[in-house]
Amino acid sequence: MNNNSDDEYGALLLRPLSGEPSGPPAIDVSKAMRDGRRRRRRWWAGGSALSAVAVTAVTGGVLVAARPNPAPTPLPTPPPDPAVPSSCTAAALPAAKYRSAEVDAGDSSGRWLIGRAEPDMMTPSLSKSHLVWHDGALVEDVVPPVTGVTMRDINASGVAVGLSDSRADHPWAYRDGRFTRLRGGTGFAVAINDNGQIAGQLGRDQHEQPVRWPSADADPVPLAVPDEARAEVRDIAPDGTVAGTVSEQGYLWMPDGTRRAITPPPVDGRPALTFDPLVFRYGWLYGVVSSAPAEGGLGTRNIVYRFHPGTGMWQQLSTEIMKTQVAAPTGQWRFGEEKPSVFVGRQVLSLPAYLPAIDAYLGSFVVAGISDDAHVVAGIAMSGPADLTLPIQPVIWRCRP
Amino acid sequence: MDDESDAGYLAYVNGRVPALRRVAFLLSGDEHQADDLVQETITKLYAKWPRIARVENVDAYVHRMLVRAFLDEKRRGWWRVSLRDVPPERPAAEGGGSTEEKAVLRAALRRVPARQQAVLVLRFLCDQSVADVARLLDCSEGTVKSQTSHGLTALRRILGDRVGGAR
Numbered sequence: 001m002n003n004n005s006d007d008e009y010g011a012l013l014l015r016p017l018s019g020e021p022s023g024p025p026a027i028d029v030s031k032a033m034r035d036g037r038r039r040r041r042r043w044w045a046g047g048s049a050l051s052a053v054a055v056t057a058v059t060g061g062v063l064v065a066a067r068p069n070p071a072p073t074p075l076p077t078p079p080p081d082p083a084v085p086s087s088c089t090a091a092a093l094p095a096a097k098y099r100s101a102e103v104d105a106g107d108s109s110g111r112w113l114i115g116r117a118e119p120d121m122m123t124p125s126l127s128k129s130h131l132v133w134h135d136g137a138l139v140e141d142v143v144p145p146v147t148g149v150t151m152r153d154i155n156a157s158g159v160a161v162g163l164s165d166s167r168a169d170h171p172w173a174y175r176d177g178r179f180t181r182l183r184g185g186t187g188f189a190v191a192i193n194d195n196g197q198i199a200g201q202l203g204r205d206q207h208e209q210p211v212r213w214p215s216a217d218a219d220p221v222p223l224a225v226p227d228e229a230r231a232e233v234r235d236i237a238p239d240g241t242v243a244g245t246v247s248e249q250g251y252l253w254m255p256d257g258t259r260r261a262i263t264p265p266p267v268d269g270r271p272a273l274t275f276d277p278l279v280f281r282y283g284w285l286y287g288v289v290s291s292a293p294a295e296g297g298l299g300t301r302n303i304v305y306r307f308h309p310g311t312g313m314w315q316q317l318s319t320e321i322m323k324t325q326v327a328a329p330t331g332q333w334r335f336g337e338e339k340p341s342v343f344v345g346r347q348v349l350s351l352p353a354y355l356p357a358i359d360a361y362l363g364s365f366v367v368a369g370i371s372d373d374a375h376v377v378a379g380i381a382m383s384g385p386a387d388l389t390l391p392i393q394p395v396i397w398r399c400r401p
Numbered sequence: 001m002d003d004e005s006d007a008g009y010l011a012y013v014n015g016r017v018p019a020l021r022r023v024a025f026l027l028s029g030d031e032h033q034a035d036d037l038v039q040e041t042i043t044k045l046y047a048k049w050p051r052i053a054r055v056e057n058v059d060a061y062v063h064r065m066l067v068r069a070f071l072d073e074k075r076r077g078w079w080r081v082s083l084r085d086v087p088p089e090r091p092a093a094e095g096g097g098s099t100e101e102k103a104v105l106r107a108a109l110r111r112v113p114a115r116q117q118a119v120l121v122l123r124f125l126c127d128q129s130v131a132d133v134a135r136l137l138d139c140s141e142g143t144v145k146s147q148t149s150h151g152l153t154a155l156r157r158i159l160g161d162r163v164g165g166a167r
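So the sequences go chain by chain: A and V.
Position one of the first sequence corresponds to residue 1 (the numbering used here), numbered consecutively onward.
Position one of the second sequence corresponds to residue 1 (the numbering used here), numbered consecutively onward.
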């Protein structure tokens, strides 16, 4: 069907749905202002947001440069990217007796995966079984001691971290078939690296403090944040660097205790507004740069970039956000896509569909993990339009160089 | 925040709520959800107002926020489908089709992937051009065209000959 007949058919088909809402609006502008004020960047109160992008961060009395990512000498080199595999095959992961199961995270080696059984079942008051796969085989089927547990990340030793229930319930770790609560009270864990260092947030209701646990049984160490600024943790790098946001601006907490705002690169010669980090992968921090519209243009532009903290180098990856997946531990950007794909270095690896039990046309895939060598990718196949009569299937893609 | 900016925000929002509600209603097909989407959009708008107020085309920016809120809600909503109470339906005041026809069509539309839903609604119910939809969804015009085609194919498959089958 060509575009013109598409247009005529679409207009004709959808016409019956035109109309206006009939009831009185249930919109509370005062509440929007109250809630919006809380979300506002602290420094907006003072003046230009654009100039605030280059704000200077203070760390324990030491001024830490928020210069536009100075290149230290000698110049470190970004690590080589893995080769993009030439082909991948998709297969269902075993899910024992469960009709549905999802993969929530995969590790850097591609050997460990963790997920939940029956995430779509209407049993919010029950603990969902957690499934652990090693080399594609189901090795654990464990019910956590509390309800609503979701694991966010898993490392190459098979240690996973996550949270129970809402954002501000409790941070949890999983190891060898056992769940344990991380120290520090309410909050949640976001990510764990292969050295066992964990990043997360402690506190309640949008006022959580970013923290780093040196290990799953250690006390949390707070990560400093400028006064009253809202901070979020996104991921932890192999060297312990924690990436997140402070007042919606990309931010790094370094292993040596220093910290700095990440100044986004100019886009088309104009200063960018924000960098929103998502995940560390291949030695880079992947995220989204938002830039002001070009002269006479519409709205802001969002572009996928990656940032190399050691050199301050930026690389633009895609002008289409949420098309290629990144498997971020926070779950941000976990979107269903008919044609699944994931970043391998700067390239895009297209993955084949796995659809034996799902309507071939309406299938939707989420990538939850990719190994550092890009040989193993894991995720979920589900019904794109969330038809709950169709099962969710855990999927593994095995790729060859 | 200074009062002048708050006043500017209030003036803007009060003038735009009806239009935003209409787009949100067409996207979601549900008044409660539409109000939730608008509430989230104007909350984000307030949070970013000092910056956005300087943007030349605020309307385009805000509509993009609304569409993104819709897509975010669809993504997040996946797991919540079974957990959330279904609000009572409020009939729309006016529209082109009979109640039953609309219900069938809306149910079919909900089965189409979220981005395709957004493309179909924005193009055929909100009368946006391919270029405008591409900007709203941060994608190329080619993607909008292919999503239109896929969305219509999906709708046709779901509906069979029941609605709009005679072409």
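Treat the hints loosely; a few may be bogus.
To be verified - One-sided and incomplete, this derived list gives chain V residues near chain A with beta-carbon spacing under 8 Å: (1) Arg16; (2) Ala34; (3) Lys44; (4) Ala47; (5) Arg51; (6) Arg123.
Hints were generated in silico from the structure; no laboratory data involved.
It should be emphasised that the depicted structure is a prediction, and the values quoted were computed from it without experimental measurement.
Ideal Cβ positions, reconstructed from N, Cα and C, are used throughout, including at glycine.
Right, here's what the structure says about each hint:
1. Annotation: interface hint on Arg16/V violated; nearest CB of chain A at approximately 11 Å, more than 8 Å.
2. Given hint, Ala34/V at the interface with chain A, holds; its Cβ is 6 Å from that chain's nearest Cβ, closer than 8 Å.
3. At about 7 Å, the closest approach between the beta carbon of Lys44/V and any beta carbon in chain A falls short of 8 Å, and the interface hint on this residue holds.
4. Annotation: interface hint on Ala47/V holds; nearest CB of chain A at approximately 4 Å, less than 8 Å.
5. With its C-beta approaching chain A no nearer than about 4 Å, Arg51/V sits inside the 8 Å limit, and its interface hint holds.
6. With its C-beta approaching chain A no nearer than about 7 Å, Arg123/V sits inside the 8 Å limit, and its interface hint holds.
Hint 1 from the list above is the single one not met by this structure.
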